[in-house]
Amino acid sequence: MEKQFLTDAAERYYHNEMTPEERVYFEKLRNDNPEADQIVVEHLFFLEQLDRLSRIQKLRQVMNTVEDKLEVEGAIQLKNNKFKAKVIHIWKRYKRTISVAAAAAVVVSVFTASGVSIFSQNKKAALTPLVDRKLNQMEHKLNQMENKLKDVATPQTTPFEANFRATGFLLNRNGYIITNAHVANLARNLIVENAKGVQFTAESIYSNTLTDIAILKITDSNFKRTGPLPYTFREEDADLAEQIFTLGYPREEIVYNQGYLSALSGYYGDTTSYQIGISVNPGNSGGPVLNKNGEVIGVITSKETNADGVVFAIKAESIYQAVKEIKEREQDTIKIVNDNSLKGHDRVQQIKSLSNYVFKVKGN
Amino acid sequence: MKKNLGYFSSLTVLTDRQVDNFNDERALLKGLASHDPHAIELIYRQNYGVIEGFIIKNNGFAEDARDVFQEAMVILFEKAQSDSFELNCLIKTYLFSVSRRIWLKRVQKNKKTYLPEMDILEETIPVEEDLETHLKRNEDLDLMEAAMNKIGEPCKSLLEAFYLQKKSMPEIADQFGYTNADNAKTQKYKCLNRLKKIFFSQYKTEE
Numbered sequence: 000m001e002k003q004f005l006t007d008a009a010e011r012y013y014h015n016e017m018t019p020e021e022r023v024y025f026e027k028l029r030n031d032n033p034e035a036d037q038i039v040v041e042h043l044f045f046l047e048q049l050d051r052l053s054r055i056q057k058l059r060q061v062m063n064t065v066e067d068k069l070e071v072e073g074a075i076q077l078k079n080n081k082f083k084a085k086v087i088h089i090w091k092r093y094k095r096t097i098s099v100a101a102a103a104a105v106v107v108s109v110f111t112a113s114g115v116s117i118f119s120q121n122k123k124a125a126l127t128p129l130v131d132r133k134l135n136q137m138e139h140k141l142n143q144m145e146n147k148l149k150d151v152a153t154p155q156t157t158p159f160e161a162n163f164r165a166t167g168f169l170l171n172r173n174g175y176i177i178t179n180a181h182v183a184n185l186a187r188n189l190i191v192e193n194a195k196g197v198q199f200t201a202e203s204i205y206s207n208t209l210t211d212i213a214i215l216k217i218t219d220s221n222f223k224r225t226g227p228l229p230y231t232f233r234e235e236d237a238d239l240a241e242q243i244f245t246l247g248y249p250r251e252e253i254v255y256n257q258g259y260l261s262a263l264s265g266y267y268g269d270t271t272s273y274q275i276g277i278s279v280n281p282g283n284s285g286g287p288v289l290n291k292n293g294e295v296i297g298v299i300t301s302k303e304t305n306a307d308g309v310v311f312a313i314k315a316e317s318i319y320q321a322v323k324e325i326k327e328r329e330q331d332t333i334k335i336v337n338d339n340s341l342k343g344h345d346r347v348q349q350i351k352s353l354s355n356y357v358f359k360v361k362g363n
Numbered sequence: 000m001k002k003n004l005g006y007f008s009s010l011t012v013l014t015d016r017q018v019d020n021f022n023d024e025r026a027l028l029k030g031l032a033s034h035d036p037h038a039i040e041l042i043y044r045q046n047y048g049v050i051e052g053f054i055i056k057n058n059g060f061a062e063d064a065r066d067v068f069q070e071a072m073v074i075l076f077e078k079a080q081s082d083s084f085e086l087n088c089l090i091k092t093y094l095f096s097v098s099r100r101i102w103l104k105r106v107q108k109n110k111k112t113y114l115p116e117m118d119i120l121e122e123t124i125p126v127e128e129d130l131e132t133h134l135k136r137n138e139d140l141d142l143m144e145a146a147m148n149k150i151g152e153p154c155k156s157l158l159e160a161f162y163l164q165k166k167s168m169p170e171i172a173d174q175f176g177y178t179n180a181d182n183a184k185t186q187k188y189k190c191l192n193r194l195k196k197i198f199f200s201q202y203k204t205e206e
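As they're listed, the protein sequences go chains A and B. Mapping of the first sequence onto numbering that gives the first Met the number 0: position 225 corresponds to residue 224, and the numbering continues sequentially without gaps. Mapping of the second sequence onto numbering that gives the first Met the number 0: position 22 corresponds to residue 21, and the numbering continues sequentially without gaps.
If we strip away everything but chain A, and leave its shape as in the complex, we get (with noise of 0.2 Å):
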């Protein structure tokens, strides 16, 4: 009976029911008695809990009031209505910016798409951004066509329908190759081509989201052994403000970029990977970040959205890391080997010698 006291007290205490006698009793009763101030500390703490709950509810069926309004007047979407929310939402983006003609074209290829997932309704996740998957698309057969034009004399590929393009680069001359881990988990199927547009297949070995590293593995019997990498691994940290530059393959043609190390850390403070100021774009996923001296500093990994020119590159210790993992998992033993060729030279033959060791990385 006591203790249905208490916890009484400690609710009328709780609700600011009592009167100022009864609140210095029963605060004395607290400060004297351990044991009753346990059990009011505890049922305040479970009152609270209440409380909030209570809170919380009625928030959430007011909310729900209003969403079912909303919906009736059509200013929401329809909760079940999951196709045609992508499609009416599409349209009404690309209905105010683009031309009459080529907003017709997208619509018609928005349909297509949409057609698609109906019959991969489980796979939502798989499926990348609707629109951005339908103009790689284009851009493939656009591809096909320019190479069809360019060289008949290069034996044909068989076709490769990728839907996402990154970058990555060699790790030694066996045909490890270094991406990121965002870029590795989007596929089942991977392939790396070459400068020269040679493709072979190749498997993930590695991927570790948290650093975001990811160790491919050439896995080709046509893939033959490269010539010793020109690049070395830099294991400490680079210096502020240090010229960088980057290659990597936002486009089907490989691209260079160059700019500088603005920070030490990368986003909200993450210490394993730097900040730094170069104009890059999707598909440079995965691409060498070096300094001058040929030394790779880091992968580029990704930038921030809202801002222009803040990207952010993981620093090269984690490729130590990846390696030193792999090993000790008994996987694998892939030697790094340190013999910078490229020091010293002007950033055209650096450039030339480097293009033939940074790959184009597709999947689907």
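Derived by calculation from the structure, the hints in this document are not laboratory data. Any given hint could turn out to be false.
Here chain A is said to cover these stretches of chain B; the calculated rule only asks that three of the stretch's residues, wherever they fall, bring their Cβ under 8 Å from a Cβ of chain A [stated by the list, open to error]:
| no. | stretch |
| --- | --- |
| 1 | 59-73 |
| 2 | 165-179 |
In silico lysine-lysine, DSS-like type, Cα no more than 25 Å apart, as pairs [what the hints assert, rightly or not]:
| no. | chain 1 | residue 1 | chain 2 | residue 2 |
| --- | --- | --- | --- | --- |
| 3 | B | Lys-56 | A | Lys-57 |
| 4 | B | Lys-78 | B | Lys-135 |
| 5 | A | Lys-2 | B | Lys-165 |
| 6 | A | Lys-323 | A | Lys-216 |
| 7 | B | Lys-149 | A | Lys-68 |
| 8 | A | Lys-326 | A | Lys-216 |
| 9 | B | Lys-165 | A | Lys-57 |
| 10 | A | Lys-57 | B | Lys-166 |
| 11 | A | Lys-223 | A | Lys-326 |
| 12 | B | Lys-91 | A | Lys-57 |
| 13 | B | Lys-166 | B | Lys-155 |
| 14 | B | Lys-149 | A | Lys-57 |
| 15 | B | Lys-189 | A | Lys-2 |
| 16 | A | Lys-351 | A | Lys-216 |
| 17 | A | Lys-2 | B | Lys-149 |
| 18 | A | Lys-57 | A | Lys-27 |
| 19 | B | Lys-165 | B | Lys-184 |
Sample of chain B residues facing chain A (criterion: CB under 8 Å; computed from the structure) [stated by the list, open to error]:
| no. | residue |
| --- | --- |
| 20 | Glu-51 |
| 21 | Phe-76 |
| 22 | Phe-84 |
| 23 | Ile-124 |
| 24 | Glu-127 |
| 25 | Asp-139 |
| 26 | Met-143 |
| 27 | Glu-144 |
| 28 | Tyr-162 |
| 29 | Tyr-188 |
| 30 | Lys-195 |
Ideal Cβ positions, reconstructed from N, Cα and C, are used throughout, including at glycine.
Chain A is fixed; fit chain B onto it per the hints.
Below, chain B alone, put in the same frame as chain A:
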């Protein structure tokens, strides 16, 4: 790093329509804090569309948008209710930032989709901390809901009537058919003890 735009610096990017409603914003937050349906509806009208658009564009469905928006509203609601509350950006910016983080988190959980190219024109502010606290507190809330579901009837209804719907003891006695309020109170006490036991036992095992 992320731009930390305070209220005044965000003024520079505001459109005319938005500048004069600093007071409206405060009124809206007050309304939200007190469950006012009009305020909540207005917040929906002003903000839901942008966030729905963002989520749908980034591989989500209308259903996801509802979920995420409600979650963001709960966070803002609890912020608005706290004594030390001060929002140093627009409601719109806050809701968008929180919703964006929640959605990114969910997508990253699924791992398969990476979204490097979301072109956000809306400005955002760092909300990581708010979100962390919220997620932590939500665990407590889940435990409480789970405990509620475990105690069974009539305890569940009785406690809900008193603690969640805030009905008075005589009302409850009447509704549940107790002969007087004191009997109902004794029963409520017993039920509460059971709920407490379940709640704290889950709590301990969770840790």
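The hints, checked one at a time:
1. With a threshold of 8 Å between beta carbons, the proposed coverage of the stretch 59-73 of chain B by chain A holds, since 8 of its residues qualify and at least three are required.
2. For the stretch 165-179 of chain B, the stated coverage by chain A is violated: 1 residues have a C-beta nearer than 8 Å to a C-beta of that chain, whereas at least 3 were required.
3. For a cut-off of 25 Å, the pair hint linking Lys-56 of chain B to Lys-57 of chain A is broken: about 30 Å separates their Cα positions.
4. A distance of roughly 15 Å separates the Cα atoms of Lys-78 of chain B and Lys-135 of chain B; the hinted pair therefore holds under the 25 Å criterion.
5. Note on Lys-2 of chain A and Lys-165 of chain B: the hinted pairing holds, with a Cα-Cα distance of about 23 Å set against a maximum of 25 Å.
6. For the proposed pair Lys-323 of chain A and Lys-216 of chain A, the alpha carbon gap of about 16 Å is at most 25 Å, so the pair holds.
7. In summary, the hint linking Lys-149 of chain B to Lys-68 of chain A is not supported, as the alpha carbons are separated by about 33 Å, beyond the 25 Å threshold.
8. In summary, the hint linking Lys-326 of chain A to Lys-216 of chain A is supported, as the alpha carbons are separated by about 14 Å, within the 25 Å threshold.
9. Simply put, Lys-165 of chain B and Lys-57 of chain A have alpha-carbon atoms about 11 Å apart, close enough for the 25 Å limit, and the pair holds.
10. Of the pairs offered as hints, the one joining Lys-57 of chain A and Lys-166 of chain B holds, with about 14 Å between alpha carbons and a cut-off of 25 Å not exceeded.
11. A C-alpha spacing of about 23 Å is found between Lys-223 of chain A and Lys-326 of chain A, which places the hinted pair at or below 25 Å, so the restraint holds.
12. Note on Lys-91 of chain B and Lys-57 of chain A: the hinted pairing holds, with a Cα-Cα distance of about 22 Å set against a maximum of 25 Å.
13. For the given pair, Lys-166 of chain B sits about 14 Å from Lys-155 of chain B by alpha-carbon distance, which is consistent with the 25 Å threshold.
14. The straight-line distance between the Cα atoms of Lys-149 of chain B and Lys-57 of chain A is roughly 21 Å, inside the 25 Å bound, and the hint therefore holds.
15. About 11 Å separates the Cα atoms of Lys-189 of chain B and Lys-2 of chain A, which keeps this hinted pair within 25 Å; it holds.
16. The straight-line distance between the Cα atoms of Lys-351 of chain A and Lys-216 of chain A is roughly 24 Å, inside the 25 Å bound, and the hint therefore holds.
17. Of the supplied pair hints, the one linking Lys-2 of chain A and Lys-149 of chain B holds, its CA atoms being roughly 23 Å apart against a limit of 25 Å.
18. With a CA separation close to 36 Å, the supplied pair Lys-57 of chain A and Lys-27 of chain A exceeds the 25 Å bound.
19. Restraint check for Lys-165 of chain B and Lys-184 of chain B: satisfied, since their Cα atoms lie roughly 14 Å apart, inside the 25 Å limit.
20. A hinted interface residue such as Glu-51 of chain B counts as satisfied when its beta carbon comes closer than 8 Å to some beta carbon of chain A; here the least separation is about 6 Å, so the hint holds.
21. Annotation: interface hint on Phe-76 of chain B holds; nearest CB of chain A at approximately 5 Å, less than 8 Å.
22. Interface restraint check: Phe-84 of chain B against chain A, minimum CB-CB distance 14 Å, threshold 8 Å, status violated.
23. A cut of 8 Å between beta carbons decides the hint on Ile-124 of chain B: the least distance to chain A is about 11 Å, and the hint is violated.
24. Checking Glu-127 of chain B against chain A: minimum C-beta separation of about 7 Å stays under 8 Å; hint holds.
25. Taken as an interface hint, Asp-139 of chain B checks out: its beta carbon lies about 6 Å from the nearest beta carbon of chain A, inside 8 Å.
26. Of the supplied interface hints, the one on Met-143 of chain B holds, with its beta-carbon coming within about 5 Å of a beta-carbon of chain A, less than 8 Å.
27. Checking Glu-144 of chain B against chain A: minimum C-beta separation of about 7 Å stays under 8 Å; hint holds.
28. For Tyr-162 of chain B, the interface hint holds, the least distance from its beta-carbon to any beta-carbon of chain A being 5 Å, beneath 8 Å.
29. Checking Tyr-188 of chain B against chain A: minimum C-beta separation of about 5 Å stays under 8 Å; hint holds.
30. For Lys-195 of chain B, the suggested interface contact is upheld, since its CB lies about 6 Å from the closest CB of chain A, less than 8 Å.
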